[in-house]
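Enquirer: Please model the entire structure based on the sequences and the hints provided.
Note that UniProt numbering gives residue 153 to position 153 of the sequence shown, counting from 1, and the numbers run on in steps of one.
It is worth saying that the hints were derived from the structure and are not from the lab.
Where a beta carbon is used, it is the ideal one built from N, C-alpha and C, also for glycine.
A few of these clues could be false.
Simulated restraints, written as ranges between beta carbons of each label pair [what the hints assert, rightly or not]: (1) PRO147 / GLN17: 17 to 25 Å; (2) GLY189 / THR23: 15 to 23 Å; (3) PRO218 / VAL50: 46 to 54 Å; (4) PRO56 / GLU225: 40 to 48 Å; (5) GLY151 / HIS21: 31 to 39 Å; (6) SER130 / HIS21: 24 to 32 Å; (7) GLU240 / ASP79: 16 to 24 Å; (8) ASP34 / ARG234: 32 to 40 Å.
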Amino acid sequence: MILVTGATGHLGAAVLQTLLHHTPARAVAALVRDPAKATDLQARGVSIRVGSYTDPASLNQAMRGIDTVLLISGGGDDDGLQQHQNVIDAAHRAGVRRVAYTSRALQSPATLANELMVRHFQTEDYLQASGLGYLIFRNILYMDTLPLFTGPTVLETGINLPAGPGKVAYALRREMGEAMARVLLENPGGNRIYHFTGAAAYSFHDVAAALTQASGRPVAYTDVEPEAFAAGMRQRGVPELAIARTLGFLTDIKHGQEEVVSTDLATVLGRQPTGLFDGVRQLYTL
1 MILVTGATGH LGAAVLQTLL HHTPARAVAA LVRDPAKATD LQARGVSIRV
51 GSYTDPASLN QAMRGIDTVL LISGGGDDDG LQQHQNVIDA AHRAGVRRVA
101 YTSRALQSPA TLANELMVRH FQTEDYLQAS GLGYLIFRNI LYMDTLPLFT
151 GPTVLETGIN LPAGPGKVAY ALRREMGEAM ARVLLENPGG NRIYHFTGAA
201 AYSFHDVAAA LTQASGRPVA YTDVEPEAFA AGMRQRGVPE LAIARTLGFL
251 TDIKHGQEEV VSTDLATVLG RQPTGLFDGV RQLYTL
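Expert: Okay, structure coming up:
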């Protein structure tokens, strides 16, 4: 049986959609904090396990009868690394055969500006040292985040970000989820690390060009100073922590951290992942 954690989130839902299309629901379990949000999964026959990364006792219960766990990384909590370790420890205690983890595809973990990303590689190290079998899915930045970075008025104001000429090999979250599910179902032997990225890396100049083409309206990208960008966020009432993390993402993009390009996603999907233009049309409803 495969246990998917974070099952009611966007990525968890994408993984489950593919799993349930290719395997009986009785072979799938979902870890959720709020069972009220999983009634549709329960109705389809998925085993609902109620628990939290912060509650080892609930994790112990959730792991019963489980062969493989997909640990979907948690949010930005200060104890996020400990939460991941709690899941891995519970899997070890329960005799789970293998844990898969959703990590990040980045060029140089040692030089990251966004310190939040470091815990992914600390989790990788902990999992690899645990003695459990492992699969690590190093995912590129979701293409789905583009509207968040560019803002809702991008067609009027253009893209104004402190990311320089940095590029990202964006891929859609749902295609990453599909690929993860396919790997879990194919059950490859041995410990493996996958890099799930798009087929090419794109700058925000490229994003602006795709928006121009898709909308028929001129959209330009302007590289702004980080201080000016942060000041604008403060004027909109954005909390300092959110400002710092956003700048961290953009600084790492500027420094080439997200330029990793791999064929792993295309190989697992059996097709090329969605490219920038088609992705932009979908995400911005153009």
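Enquirer: Confirm or reject each hint.
Expert: Now the hints, each set against the structure:
1. PRO147 / GLN17: 17 to 25 Å: The hint (17 to 25 Å, Cβ to Cβ) holds, given that PRO147 and GLN17 are roughly 22 Å apart.
2. GLY189 / THR23: 15 to 23 Å: holds, 18 Å
3. PRO218 / VAL50: 46 to 54 Å: Holds - the Cβ-Cβ distance for PRO218 and VAL50, about 51 Å, lies within 46 to 54 Å.
4. PRO56 / GLU225: 40 to 48 Å: At roughly 46 Å between Cβ atoms, GLU225 and PRO56 fall inside 40 to 48 Å, so the hint holds.
5. GLY151 / HIS21: 31 to 39 Å: With a Cβ separation near 35 Å, GLY151 and HIS21 satisfy 31 to 39 Å, so the hint holds.
6. SER130 / HIS21: 24 to 32 Å: About 31 Å separates the Cβ atoms of SER130 and HIS21, which means 24 to 32 Å holds.
7. GLU240 / ASP79: 16 to 24 Å: holds, 20 Å
8. ASP34 / ARG234: 32 to 40 Å: For ASP34 and ARG234 the Cβ distance comes to about 33 Å; the hint holds.
Violation of the numbered hints given earlier is absent; every hint is satisfied by the structure.
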